[in-house]
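Participant: Using the sequences and the accompanying hints, generate a full structural model.
Residue numbers (UniProt numbering): 1 to 115.
Source of the hints: derived by calculation from the structure; they are not laboratory data.
In this text, a Cβ means the ideal position worked out from N, Cα and C, and glycines have one as well.
Among these hints, one or two may not hold up.
Derived DEER-like restraints, expressed as beta-carbon distance ranges [stated by the list, open to error]:
| # | residue 1 | residue 2 | range |
| --- | --- | --- | --- |
| 1 | GLU69 | LYS114 | 24 to 34 Å |
| 2 | GLU48 | LYS86 | 10 to 20 Å |
| 3 | VAL44 | GLU72 | 32 to 42 Å |
| 4 | GLY38 | TRP91 | 24 to 34 Å |
| 5 | SER99 | GLN74 | 11 to 21 Å |
| 6 | VAL41 | LYS20 | 19 to 29 Å |
Heads up, simulated DSSO-like pairs for lysine-lysine below, C-alpha to C-alpha not over 27 Å straight-line [to be verified]:
| # | residue 1 | residue 2 |
| --- | --- | --- |
| 7 | LYS27 | LYS105 |
| 8 | LYS90 | LYS20 |
| 9 | LYS92 | LYS27 |
| 10 | LYS27 | LYS70 |
| 11 | LYS20 | LYS92 |
| 12 | LYS90 | LYS27 |
| 13 | LYS20 | LYS70 |
| 14 | LYS114 | LYS70 |
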Amino acid sequence: MSYYAPDIRSFDAVSQLQFKGADDYRKHWQTCLSFCPGPSVFEVHELETLVDNNLAVSYYLTYCGGTNEKGEMQGGWMRGTMVHCKMNGKWKIMHEHYSVPFDMKTGNTLFDLKP
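Facilitator: This is the structure we're talking about:
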């Protein structure tokens, strides 16, 4: 959590519409990780970062998954975006957004897509 700004605002693909503040976001991640009692995977692919003075934007594809209570690895591809701000000489994540593509006809998420 040291990479996040204290007043981060996050739009995650799981649970609620938004998270405000590092404490709120930390609790969310702790809840998410509790669903995966075994090993987890979080891979970043096709990372692009644009920097201008004290502001930067990163976007990427990520493969995220975890081991369920049966020992099975479950995961899928998602899209990620981060906004970074230089604070006191250090880069901090001030906004993070994850999303999952979905089928407009069925409303089902499309975790099976691959880059």
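Participant: Compare the structure with each hint and give your call.
Facilitator: A quick look at each hint next to the structure:
{"no.": "1", "hint": "GLU69 with LYS114: 24 to 34 Å", "in the structure": "holds, 26 Å"}
{"no.": "2", "hint": "GLU48 with LYS86: 10 to 20 Å", "in the structure": "holds, 19 Å"}
{"no.": "3", "hint": "VAL44 with GLU72: 32 to 42 Å", "in the structure": "violated, 23 Å"}
{"no.": "4", "hint": "GLY38 with TRP91: 24 to 34 Å", "in the structure": "holds, 32 Å"}
{"no.": "5", "hint": "SER99 with GLN74: 11 to 21 Å", "in the structure": "holds, 18 Å"}
{"no.": "6", "hint": "VAL41 with LYS20: 19 to 29 Å", "in the structure": "holds, 28 Å"}
{"no.": "7", "hint": "LYS27 with LYS105", "in the structure": "violated, 33 Å"}
{"no.": "8", "hint": "LYS90 with LYS20", "in the structure": "holds, 21 Å"}
{"no.": "9", "hint": "LYS92 with LYS27", "in the structure": "holds, 19 Å"}
{"no.": "10", "hint": "LYS27 with LYS70", "in the structure": "holds, 24 Å"}
{"no.": "11", "hint": "LYS20 with LYS92", "in the structure": "holds, 15 Å"}
{"no.": "12", "hint": "LYS90 with LYS27", "in the structure": "holds, 24 Å"}
{"no.": "13", "hint": "LYS20 with LYS70", "in the structure": "violated, 33 Å"}
{"no.": "14", "hint": "LYS114 with LYS70", "in the structure": "holds, 25 Å"}
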